Structure formats: C-alpha cells, structure tokens
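Trainee: One-letter residues, chain by chain:
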Amino acid sequence: MPGLPLTDARAQYPGLKAFPADPVEDAKTLVRIAEWCGAYTPWTAPEAGGEALEGGGAGAGVWLDATGCAHLFGGEAKLTRMLIARMRRLGFTARAGLAETPGAAWAVARFGQTDRGKATDRKDEVGRIVPPGGVRAALTPLPIMALRLPADVIDGLYGLGLRHVGDLLNVPRGPLTARFGEVITRRLDQALGRTFEPISPRLETLPMRVRIMPAEPLGQSTDIVIGLKRLLRQLEARLRRKHLGVRKLVLSLYHVDDEVSRVSIGASRPVRDPDHLLRLFAERLEDLDPGFGVEVMALAASVTEPLSPEQIPLASRRASAAPAELGALVDRLQNRLGVENVMRFDLRESHIPERATAPVPVFHTGPSASPAPSTCRRPVRLLPQPETIEATAMIPDGPLVMFRWRRVLHRITWAEGPERIAPEWWLKAAPWHAPWDLETRDYYRLEDVEGGRFWVFREGLYRMIGEMPQDPPRWYLHGLFA
Amino acid sequence: MTAYAELQVTTNFSFLRGASRAKELITAAAELGHTAIAVTDRNTLAGVVRAHVAAKEVGLRLVVGTRLDLQDDLSLLVLPQDRAAYGRLSQLLTLGKRRAPKGGCHLTLDDMLGAENGAGEGQVWIVLPPEGKSPGATFAERLSGIRERAAGPVYLGASHLYHGDDGRRLKHLADLAMTCRTPLVATNDVHAHATYRRPLQEVLTCIREHATIDEAGYRLFANAERHLKPPEEMARLFTDYPEAVARTAQIAESCTFNLDELRYEYPDEIGPDGCPPQEVLVRLTWEGARGRYPGGIPDKVRGLLERELGLIEELNYAPYFLTVHDIVRFARGRGILCQGRGSAANSVVCYCLGITAVDPDRIGLLFERFISAERGEPPDIDVDFEHERREEVIQYIYGRYGRDRAGIAATVITYRTRSAVREVTKALGLSPDIAGAVNGLVWGSGGGKPIDDDRIREAGLDPADRRLRLALTLAEELKGFPRHLSQHVGGFVITRGPLSEVVPIGNAAMEERTHIEWDKDDLDALGILKVDVLGLGMLTCIRKAFQLIEQHHGKVLTLATIPPEDPAVYDMLCQADSIGVFQVESRAQISMLPRLKPKNFYDLVVEVAIVRPGPIQGDMVHPYLRRRNKEEPIEYPSAELEEVLGKTFGVPLFQEQAMRIAIVGAGFSPAEADGLRRAMATFRRTGQVGNFREKFIDGMITRGYEQDFAKRCFRQIEGFGDYGFPESHAASFALLVYVSAWIKCHYPAVFAGALLNSQPMGFYAPAQIVRDARDHGVEVRPVDVTFSDWDCTLEAGETGEVALRLGFRQIKGLKEGHATVLAAARTKGHQDDGYQEGGYHDIRDIWRQARLGKPVLERLARADAYRSLGLNRREALWEVRALGPEPLPLFVMNRMAGRPPEPAVPLPSASLGEEVLDDYAALKLTLRSHPLALLRPELAAQGAVPASTLPDRPPDTNVTVAGLVICRQRPGTASGVIFGTLEDEEGIANLVIWPKVFERYRKVVMHARLLLATGRLQREGLVIHIIVTRLVDLSHRLDALAEGHGQPLDVPAANATRHRVSVRTSFPSRDFH
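Protein chains in written order, with my numbering: chain A, 1 to 482; chain B, 10001 to 11073.
No lab work stands behind these hints: they were computed from the structure. Be aware that a few hints might be false.
What the hints assert, rightly or not - Partial selection, computed: residues in chain A whose CB lies under 8 Å from chain B:
no.	residue
1	Y13
2	D167
3	V171
4	P175
5	A298
As the list claims (entries may be wrong) - Sample of chain B residues with no beta-carbon within 12 Å of chain A, all distances over it, derived:
no.	residue
6	R10017
7	Q10091
8	H10163
9	E10313
10	Q10551
11	E10635
12	E10718
13	H10776
14	E10795
15	E10875
16	F10979
As the structure is a prediction and not an experimental result, all values here were calculated from the model. Ideal placement from N, C-alpha and C gives every residue a C-beta, glycine not left out.
I would like the entire structure built from these sequences, with the hints used as guidance.
Mentor: Structure representation (structure tokens):
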C-alpha cells in the first residue's frame, strides 16, 4: 500500500521485513530485463521512470516492438505466453499486452481482461491481445489510469466523474484541452493510433555494448573465443572514438535453453587493448560450458573511464611502460587468484597496535583510515605475535629493570611509559583470542645497555590482594624500535 | 591523607560525552574521600542543579563551574568564586549561546577577557593544554597573555592519562607553568565515575561522531583512565608535583559560591509605588471577595481568608500570588479566558483574586494541606489559557518583565527505551532490522527487568549474540541520560534581577525563542519562582461559545456566572450524553458517567479523577462505586484516616489523599512524603521506588492496617506517578466540565459551533461533533461561498431555532487567509461595482473579486461550496478548471464576456454514494447520508443490525454490527485490551477486543476503515459493549460507493491503490499513538 508509514505496516504485520527502496537498482534490473528480451526482438526498451508512475504505481514495464517477429515464435499468442512463462522462470511476475499502438498495449497489459478472464490465477496468465482494428473497443471500458496520465490529471478527471476511457471519448476535445492541456488528447491519440509514438530502443542507456548473433548456435568454446575476439575489436573501436577505457567488462552468453551466463573481468586501470582484455578473459573462459549452444553473445563495458590516446615515446620506453606492466601483472594475478586474494596493507583505526593495519585488496579504493595520533609511538617492527619475556619491574606501574627474551638478558638503561591500552570490549571473545586480547595492556618503551630498543607490555593491570600481587604479572615483547 | 578535589568533571549533561550522572559522580567522589568536586560540563550549567542536590545529600562541597570550549581552539575550566562571578559566568554563557544555533555556544577569549563585561573577574581559570600534542610556543604565549589580562587567578591544568609519555609531558607542563607563572593543577579529566562505564562512554562517543564502534578508532579514548580516582592515587600519579594536587583543594576552598544563594527573589514591581506586597495582596483579596460575594462575605469565607492570608504572610508568598494575579488580570482585560489550577489555586485567596472560578466552599479543600512551611517551596499555580491566545499572554510577560528577566524553562529530553535501543544498536553496528526487533522486545517489558532468552528467540534474534546482549545492557544504562534541552511548554521563570545572571539562556529550535538551561525540577530544587502558562483548547471553545451566546442570545456569561448545580446538566451527563464535553467525553469516561451518576459539583471532581491510572491500578474504582451506590458499607481503615478519606467514602482517589495516607497511615514525615511524590514523578526515569515501598507498607502494617489495603494504596501511588491527579487539579477541571456541559445542554448549536471553531482539540473529529449536534436537533447547513465565513456561524433557522452554518475551516487544506478574503470580497467587491445586494454571481466573479488562485477555487469546488450559485460539485470543478492561470483585469474580462460559448459538456451525474465519499474527501464529514445507510441493505444481508437497536437486544447474546471505525484505543491500564468504536448511520457501537482476538485480527483491527464485528453483547447499566469474537474488514465496500451503482469496474487491486488511499485518509479515526 503506497504511502503507508512503515510503523503502521509493522503494527499490522509484526513479522514484516522491510527493505529500502532502491530505484537505481530497480532501473538497472529493468534495463537487464529489456536486454534479455533482446533475444526476441531487436527493439526493446525499458519504460522511462515517469511512465511507470503515471500509471498510478502500476508496475514497471518493458517495451517490445514485435512487428514482424511474432511469426518466428509461432504467432502473437504464443510469443506473449512464452515471454510471461520465461519471465516467471526468472522470478518475475509479468503481464503482457499486445496491440497496434504502444499506448493500447500498455493499457491492456495493466488493465485489460484476459481471454479466459482469470487474471488472478497466475498459472493461467496469458497475454492480452487486442485484435487488429479493435483498439477503440478494447480501451473504452478501461479506467482512465490506463492512459498513462499524470496523477493530477487523473485526480481532476475523477472529480468530474470521468472515470473510464469511454467517458473521455464522448467529451468534446476543445473544452477538455482548455482544462487539462493537451496531455489527454495526446494520450488518446497515441493509444488509438491517430498519432505515431515511437519506441526508443534501449541502446542509449548502455552505450558501450556490442553483440553478435551467429547464424548457428555456438557449441564449442573455441567458437566462443573467436566471437569474443570479434566483440573485443568492435568494442575497442567504439571506446577509442570516445576516448574511453574499461574498468569492468561483462560478457553475456544467451544459451538456447533460456540460460544466461555471464563472465566479468576487472582491470586495475582503464584498458581497451583487445589482447590484454582477451588474456583476462582467457583464464575465466576455460570452465565455461556452452551447454546446448549459445544464440547470442553480448559484451558490455559496465564501468568505463576516460583513457586518452597515449603518446608513444621515441626513447626509453621502459620507464613509462613500468606502471602499465605492474598493472597488467596485478590484473592477471587478480583474475587468476580472485580480486580478494591479491592484497596490500592499509591503515585501520584501532588503538590496539596489531589491529592498526589490515590487508585490503590491492586496488581497494575505500577511504583510508587516518593514522594513529602522533603521541602513539609505534616500533618499526611489530612481532607477528607478542613473545613472552621474564621481567623485573617496579610496582605498581613502574618501568622494567631488566628482562630476558629468547634466553638473552637485557638490562634496561632507559624506559618510558606506561602507555595504557584498553581492550576492544565489543569484539567477540573467540576461543582463538589470546589472553592479551581481553586485558588492558601497559606498554613501555625501553633501551638496554647495548642500545637495543624494545617495546614491551604487561598484560592486565597490577592488582593487589592485601600486600601481595594478585597474580605475578605476565610480560611480553611486542616490537623493536630502530 | 591527601586533600584532593577533582576539578575537571564531565557529567552526562555534556551531551554524548559524560558517561555518569552527577549523582553517581558525587556519591563516588564522597566515597573516595575527595574534599570537594567541581562540575565542569562543556559550555553549560545545565547539570549543576542536579549536582547541587546530590552534593547536599551526601554532604560534599560542590564547586559550580563550566568548561569553556572557545572558538579560538582553547579550552579552559572556569570556576566562579562568588555569586557575582557566577552571575558573570552565566551571562557570558548566555552571550555565547545566543550567538550560536540551538545547542551551540560561540565564545572567544576576547569575550572572556574583554574589559567591558569583565566576565573573567572573580573566576578561577584553569587553562587546559591541547590534548595529544605537546603544547608548543604558541600555547605558551597565549597562556602568558591570559595570565596578564585575566582578572582572576590563572592555573594550568595537567592530567596523567597513561599516554606513555606522561612523565615527559608533566615535566614540560610544569616548566611551562613556571615560565608563565600559572601554577600547575592536577585533574583527571573525569568522564565517568568508575571504569565500568567505559563501554557506555565509548558508545556515547560513537553516537556523537555518527560512527559505529568498529570504525570509531582514534575518536575513542585509548583507555579507561578518565574516571574518579582516590586522592592517594592522584598523589602517586603526581609524585613529582605534590603542590599541583594540594592546589586542587585550595582552589575548591576559594570558590565559596553555593547555588542556594540563588534562592528566589521575587520581582519587586508588583506593588504600586513600593507598597509592601502583602499589603497589596490583602487589599486586592478583600476587594475581590466583595465582588465574589455581593451579598456580604460569609463568615466561613472570612475566616478562611484570614487564615490563608496569615499563612501567605508568614511564608512571604505575597509577591508570588501577585505575579500570578497580574498575568490573569492581563488576560481578563484582553478577554482571554483563563483558569488557575494546582495546589494553591483552589484557595479562597485565588478565588477572590479571580485566578480560579471554583468556589472553594463548594469543594472544601484545605489550603494548609498544600502550602506548608515545611516544604519551603513556592506554592504551585498553573494557569490554563485559551490555546489559540496563549501566545499573547507569553508576549505580555516578556513585555512586562523584559526578556532579560523572564524566560521559559527547559525540558530535559532524555533517552527513552526506544531511542536508547535505536542509538546503541546503531553504534554497535547492528542493522536497523535488529534495532526494530529489539525495540519490539523491550517495549513494555518494564524498567530494568532482564529479557529472557525465549523472548529474544521469539523476536527472531539469537540470545547468544554477544553484541545483542551488549546492546541490551548498554541501552538500559543509557536510558534516562539527557539527550538535549528543549523548551518547556509554558513554564515561565521571572526574576528580580537579570535572569541571565541566574542561569544561562540559550536559543530554542524555534526562531526567536529562547529558554533557560534548567528544567522545572531544577527550579523547584532551588526554590525559584515559576508560573506555568499553559494552553487549553476547551477554554478557547468556551470563550467562543460565550461570544456566540452573547451575539445570538443576548446573554453575557463568565465561568463564574454560569448558573451552578443545574439538574438538567447532571441529567444529561448521567445519560452519558457527553460528546464534546471537557474531560468526560472519552470512551472510558462515557462508560463511567452512568455508573457514577454525578449529581453535584463534587461528583464531577471525582468523575474527573477516578478514570486515571492511579485509582485504576490501585483498584479503588469499584469499591468507590459500590459504596456510593450503597452496595457495601462505608467504613474507614482507621479513625485518623476517616478525616482524610471522608469525602470519598473511605476510598482514596486523589493524589493528596495518597500522600496523606503516607503521612497519617504509614508514618512518613511530610518531607519524606514529598520525597515519595518526587520519586513517583520520576519513577519511569530512575526507578528508585523500592525502598519507599518497603517503608510504606511496613509503616502501614505496624500501624495496624491490612496488608492488602497497604499494598493497594501503594500501587495507587505508583499509578499517580505517571499521571498525578490531585484533587485541586480535578476541581479546576470539574468546573470546565460543568461549564461545557451546561453550554451543550442549553445551547447545542452554539456548543457544536464553538467546538468546531476551536479544532483541533478534544477527543472527537468534526464529523462526530456535527452528527451529535444534529442528533440534538440542531440544523446544520453546508459550507457555501455565499454564506460561510472561516469559522462556523449561526444563522436564523427555519423553526425559529438557530441553525449552524459550517465554516470554510472545515475544508481540508483551505487557508484562513483565503477564506477571509473570500468572505470580505463578497460584500466589498460588489459595492465597488455598484451591485446592490451582496453575494457572488458565478465562479469567474469570485475569481475576479477575491483574486484567489485556482487551487483555492478548486478546493471550494471539491467541498461542494458553490451550490448557492447553482453549480453542483462536478459542474463547479469543470468551471474552475477552465479558468486561466491569473485573474484578468476587469476590462479584459468584459471583452472576454463576448467570446463564443463552449459546447455544452454533459458530465456524468454523481450518485449519492459518490457525493458522500467526495464530501468525506473534502470535508471529512457529510450532511447528506451516512455511508452506512447506503450500505445497509448489503450489511443487513450479512446479519449486521443498526447500533441503535443494541439496547433492545438481550445481553449475553451474539450480535453483529458494522460501522466506520472512528476510534481505536489501547489504554495502558487495560493490559492489552483494545477498545474500538464503530459508527453507523444511527449510532455508535463499542467494541472490546481481547488480546487473543486482536492477535488473530491484528491486520483488520489496525487497518480497517469499515468493520463488521460479531461478538457477545454485554450491558452495564446504559453502557453496551460488544465482546468481539470475529471481525471482517469491509473497507473495500467504501470504495465501491465511489463507483456508484453503475457498471462494476474490474480493476486489478494493485492498480487501484491510488484512489483508495484518498478514501482511506478521508475516514480518519482517533487511534492510539
């Protein structure tokens, strides 16, 4: 129910699950559906956002110009039924309308009666097909919402008691236009076929897309590679014209059995070199099964970035080629091992020293954390694990006098501290957590007689029971200063 | 033993920084042996009164202060040494706050040092070195600069916070202190009273920084050291600087200012020409008394007056009474209706001064009971004004005392369960879904009780989830923490000197509004005068009714001159005929009226007070009714309580009685009883009631009362905690009950008109008010461009009675300004044109004369307001649609007059059902036919009977009714039972829906606009309920009305939603929120 506040909805259905609306993602899905319908007719387009709204929230739609295509699928009825069935297999509830004009098709798809009159039973869902010359008759009983009118116009017409398309057909055009502008007469004319309404194909929405439709379905991987090469060359030409390179590329294979398989590759820098891109694909295509055959291959650049034509230097080619080569290496590693498996270190915000850095994917572009405050002096080398030491120290939180690490005794000549770091209480206490993860640590910076500089900590605060320390404190060496 | 006083303390009034309440900090400091404690919240004094109260309780010296975070990137603690310095600090904060948007404070060092305001004088300054980095040369320079320019002693603060380099840092600061001659002072930058508050402190930081705990990183403190530490520990941390520790106690010693010094000084311009206030009060009171009792002041009243005036003199309250009197006198002069209530308001003095119209003789309240020397607080008088005109009164107060001396109190907005859970779960990085589920869990679980695993599982959550557990615990801890300050609805503070020298004043969210930093409890604790200037819709309604009566019936009435004890009025109320009547119109009250059968004014006082959580939870209602109906003997638990409970047949009903039982029955001292009352008032926030409970029940049992009675009394007190309803308030309200009932009884048309003209107020929507008026024989006429004004008006009716003409205000979305223009141009424009008679000829005429835009004219059309011009709704809409964007100048219009006529367009004519629905859509009411009347044939087929036939049906039989849902309620006192009210064309039916049934029909109950309900008929006197067993949502039948009775329209449900929504909103119901 549009307009119902979430809290009210929750009161009615306590188990309600809520998901935020994502119009951007919805629009993308619609584009994908339109693209998928491309297997039936070259002319498909997702409905523009406004049109769906004009129907009073009557669902999103896809335009298909089936002129001259229907017979390929056994006629109009079969075509619409097949479309609905296939959409259902993809997980969508769909209704289809077919008429001489886009407007009428739109109207019957949403508001029309089915032949069998059982619109509620989804299994029986069939297309609503307006026979030639039957548009006016089909539209007359439909509600005015079927005319793709703006909400305020529908409101106005409702107030006047004009609720069906038939009511409007009786009203003289002049007075109607004087009151509502030309939108009603335009929509009427479009629906009735008095004016031509073109369907703009969807290509505009995904400009960097190339496709091939082989005469025979492709059954061999080698054929697919050949097709891919063609696509890559086509794409390169278009990218070059627009001075673009791709960061992400999606190859879609439309199989004869309705399956669509996709392979996507990513590049660390914008690329358009077909050979480079083919190499990235090559490692992924091996395990691709053509199945019963591929009807259509399409290649879409989903992320593009500007890539200027490069000046080829006359001398010292090596120097300028270096970043590109590193990039190519990383791309290959990533595409072979997986993006998430090629890592570098980045800063993390944590007072706990070993958590202040974390590995991230090499080309992770998220915001980098701010470095630790300047007061926190950290050693150049942090041991992978704090190592137990035997230490002699002043109580309760005085510095160490000496300690033994890896069987070597260190006498301390200079010490500073403690820097007290409390544990991150919100982390789950997992079995693999070492005790020092759960206790406050007191860190000291030390220098021994030999000039070695160390970073050690005591685990836990110093607590006394009566005159005696509660437990002998445990000490660890955690890092070495330069 | 080391003497140490913590001087840098951040309480939870530094919002989202401090993790402990002032009370926790002060108790902890006292236990640790600090010699004193300062409270230095950031740029505010909002928390100091709580600290003051807590410090007095434990006997610790409190140093009032603040931490100023200056615009020039410098922070310092400011501790005023005496009253004058405190005043300057308060003024400085006011300056900073007035400059900044709500919640902010913009101050610079120059403001502090500036010679002209001398804010620095008398203050101890403790400059805080920048956190983190080592203070450099710039800081040293500034410190020296401050040292040279400041009027008071300047110190340098230093803390040992275990950053690793503390030794070096302290040495550096000590050197700096030496160079700059600003002695070093030890502090511990306290943010919590104990280490265990670290998680809460960090969650607060996350909330403040809008970060989750996982990403908050360095914005969190590295450790938990910023808590109160024992003096010995402080001495150890500052081993090398013992004088820095010793200095803290010396500084605290030098700050002698105590908040008790602010004890209220009344404004002194009240008496004319310096006449002593008591003298003025005595004179005004006796003058008033002679006015109230034109036939001579009765001896009893004379005696009461003398006693009350004596007490007022003894306690020096005369200026307070005069202040209230002055405000009331202003309102009266402006014709603004007002009425006092509160403990002192029902005194004979207030009656004579005109502050209240309740003749105290009629109810016999004892003045001493509410003003006692012991409590030592100013008396409590709230004054209600007409809600539409309260602003005038507020402006008067500002005008009379100046904005510098009058201000509105703050309301401390605290974290409630819901907000605490929401913020904590967010800070812990849990998803909003989980927050929602947790909220469902916590809701209604009562304070403090741990939630068991099963319930967590039921909500679809994992009880073993550690974060979830943490969230529940931390949310519980956060509950009751202040979140921000807001403006109190009407609590005014008036002072003798500048208010900003008493308490800082800041900007409110609303423009041009300011409020002080303290709330009512704070003002109470300090004994500062406050007057509550509240808005009450019923007063607006009564004043408008008085005006209509004067205009149309020629009678002048006031609250005090309404004929008292009119039996017709009581008869009407006994019949539960009370729609629109103040207070007793709610569902619960309507069912109580026939049971209580009020026969006199005091019965109304009881009626107002009895349907409240206190008496209901204390199970006092039924005993009272039984005794009143002589079904059980009236007996008193003891002779001493007979005096307390005599008027209510031995059953305690009022808050005062409960308090008296605590004193007389349980042996509380008056001060303890007052403490109990306070604990109750803040029960929800703090939950500190347990020890009172024990003492109360034990006390009563020791004095020989039944344990059961004792427990019930205490439960009742707990109920009062939520909505305390004292007899003195009930008495003031009862008068308004009587007055409004009297008007309804004798002038139903006036009453309905006044109610409609005062909306929004009360319990019922205009549709029910209009319907009730018609049921009482009032002729109601539709809104019309030719006859209506903005307000509803009275016209000469056909039968000689007056008729009620609905005003433009009933039209949804129409603005008052447009309606006024429309009504004014109706006469004026035509005179210009030389027309003889008033009125419009057609829509173009209105368009031209009133120059109203098309949307306005369309609203009028949708409301079917052009009937007098011969246009029905659709014709009018068609006409309006044809208008151009702007009214054309007159000469163009004339030329246009000759343009060719449009072809006639036959619009489909509207069915009755369509007209009714369109009426509801535009007006939320209809005068045509009730929608249920149209649906009756099909409803009858489904077995539904009209509501009006219910009284003739035998009880305990099954019955089915149908109606529009006009009200859904789930009272907190009814343990999950839902009360619903259905309206059909002949009456209303009351539904009782038990929780089990509700669960089954939840969606229907919450959602339906038209409901078919089957259930068992239950009758109690005149009151009929249907105990629902089955519900059917028939809302779609309303939509069917819109389709007329023409061809059915088969529109798939999902596609028809938009028009449905408009129907949904046009049948509004008053629901639980």
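Trainee: Going back to the hint list, which numbers does this structure go against?
Mentor: Structure breaks hints 5, 8, 15.
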